[in-house]
Amino acid sequence: MKGISDIKIIGVDEKRPPIIRKEPYIDLYLRLSHEAPSDWCEQFNKLAQRMVPQVKIDGKGIFIETYVREMNQVVDHFESIKKIVLACNNQYIELIQQMQVAADKKNSDLQGEGGQQGKLNAIIANLKFDD
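Using this note's numbering, you'd call the opening residue of the sequence shown number 1072 and step up by one each time.
Because the hints were derived from the structure by calculation, they are not lab data. Ideal Cβ placement from N, Cα and C applies to all residues, glycine included. Wrong hints could be hidden among the right ones.
Computed beta-carbon distance windows for the label pairs [to be verified]:
1. I1090 <-> K1177: 19 to 25 Å
2. R1140 <-> P1108: 30 to 36 Å
3. D1098 <-> Q1171: 38 to 44 Å
4. R1102 <-> K1176: 36 to 42 Å
5. Q1187 <-> N1116: 37 to 43 Å
6. I1080 <-> A1174: 28 to 34 Å
7. R1140 <-> Q1162: 45 to 51 Å
8. A1173 <-> P1089: 42 to 48 Å
9. D1098 <-> L1157: 33 to 39 Å
10. E1150 <-> D1077: 44 to 50 Å
11. A1193 <-> A1158: 46 to 52 Å
12. E1106 <-> D1201: 51 to 57 Å
13. A1193 <-> K1079: 51 to 57 Å
14. P1108 <-> M1142: 30 to 36 Å
Listed below are the simulated DSSO-like cross-link pairs for lysine-lysine, each with C-alpha atoms no more than 30 Å apart in a straight line [unchecked claim]:
15. K1177 <-> K1153
16. K1176 <-> K1153
17. K1154 <-> K1131
18. K1154 <-> K1127
19. K1176 <-> K1131
20. K1154 <-> K1117
21. K1079 <-> K1117
22. K1079 <-> K1154
23. K1086 <-> K1176
24. K1131 <-> K1117
25. K1086 <-> K1131
26. K1153 <-> K1079
27. K1117 <-> K1086
28. K1176 <-> K1190
29. K1093 <-> K1153
30. K1177 <-> K1131
Kindly generate the complete structure, drawing on both the sequences and the hints.
Next comes the structure, spelled out in structure tokens:
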């Protein structure tokens, strides 16, 4: 199974390749290496909200949608988006680690003799069961 740190831009959507048109922009649909979780997508959209041109991830967590006005902007815009993907991966991993530390602390507090688990253990140990 692939993890969050494996999320990378691996190409463009073959069904929607960049095309020169009459309109003064070129749509870019960038494919991620695998589906991103919804909370990762929310974080990505927050990090990308100030980018110009606009960048967002689709609801399925597979494609990043954006555009450029001219083809000579593609490389710089793409590199900026890659940085956001990396930053989002790092923030997401950090959040997971913080949640794990908090859960571990809560569990260790409950497990100690003076904690809630210790009190429960003492109550159970003093119960008088029938033979």
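(request) Please name the hints from earlier in the document that this structure breaks, with their numbers sorted from lowest to highest. (result) Violated hints: 1, 7, 9, 10, 15, 16, 19, 23 and 30; rest satisfied.
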